[in-house]
Every structure is written in structure tokens, then in C-alpha cells.
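K.L.:
Sequence:
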Amino acid sequence: IEPKTFFGKKEEFDQLSAKYPDVFQKYNTELPTRPPYTVLLDAVVEIMGTRNTDEVLKCLLDLSEQMVGSTDGKSSKCRNVFVSTVINYCYFTNLHITNEKTDNYFGASVSCKGRQQTEIMID
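Just so we're aligned, residue 143 is where the sequence shown starts under my numbering, counting upward by one.
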């Protein structure tokens, strides 16, 4: 799938490709260093401009539902097979000095459906 096809709006593609040009130039020649869904997760946090857990998770759920196609073969969606099954977040609270909480930091599990997808992620 080409990056331009992945994004629903041209503005989103333009914004991210301007900010991360190397990613969009090397996507088909370099091996990924992390699961694809974590890239989407970081993009959601960046574009939304928030680390609010409920907002980020709702946006990810909406995007996942839009990307995952039907299993009957009649869907024109991309049928994303790299959707993570676990999204986590963590933060640090300094109890001894300021009692302040840091921003939420998000992560995602690796999940693959199918032999070819598993080989892409493992090899």
C-alpha cells in the first residue's frame, strides 16, 4: 500500500511527509524498526495534539474500524492486517517532591494475521 493511499485526507499526508520526509522516502527500501500500528499511534497523538487516553483510544478505534475491511472480500477498504490487539499507556508520578504526573506515553503490541504478514514482521 502506498502512503498516499493510507491517509484519508491529502492534508494529513502532506503534513506528516513534510515533518518526516525520510520515512516517506525510505518506506519501501528500509526495514521497519517497530510495529506499523505504533507509527499510527504516534501519528494520532501528534495530529490530535493531546495525550488524553480516552481521546487517543477513541480515535484509534475509529481509524481501526475504518481501515479493517470485511472478510467477505467485497470491501474496498485496505483490510489492515497489522492492527494491534493491545494498546497501553504509562506515566510517572513524582510522589516525593512535586506530586506531579507526567504526560501519558503510549505503546502497542505486535499482531499479525496470516503467514505472509508474520514473515514480514519476523524476517
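Simulated from the structure, these hints should not be mistaken for laboratory data. Hints should not be assumed to be uniformly reliable.
[To be verified] Quick list of the computed label-pair ranges, beta carbon to beta carbon: (1) Q208 <-> E172: 48 to 56 Å; (2) Q208 <-> T240: 37 to 45 Å; (3) T244 <-> F166: 43 to 51 Å; (4) P145 <-> T227: 36 to 44 Å; (5) E242 <-> G150: 33 to 41 Å.
Note that the Cβ used here is the ideal one computed from N, Cα and C, for glycine as well.
K.L.:
Give a verdict on every hint.
P.N.:
To see whether the hints hold, each was checked on the structure:
{"no.": "1", "hint": "Q208 <-> E172: 48 to 56 Å", "in the structure": "27 Å, violated"}
{"no.": "2", "hint": "Q208 <-> T240: 37 to 45 Å", "in the structure": "41 Å, holds"}
{"no.": "3", "hint": "T244 <-> F166: 43 to 51 Å", "in the structure": "30 Å, violated"}
{"no.": "4", "hint": "P145 <-> T227: 36 to 44 Å", "in the structure": "24 Å, violated"}
{"no.": "5", "hint": "E242 <-> G150: 33 to 41 Å", "in the structure": "37 Å, holds"}
Checked against the numbered hints above, the structure breaks hints 1, 3 and 4 and satisfies the rest.
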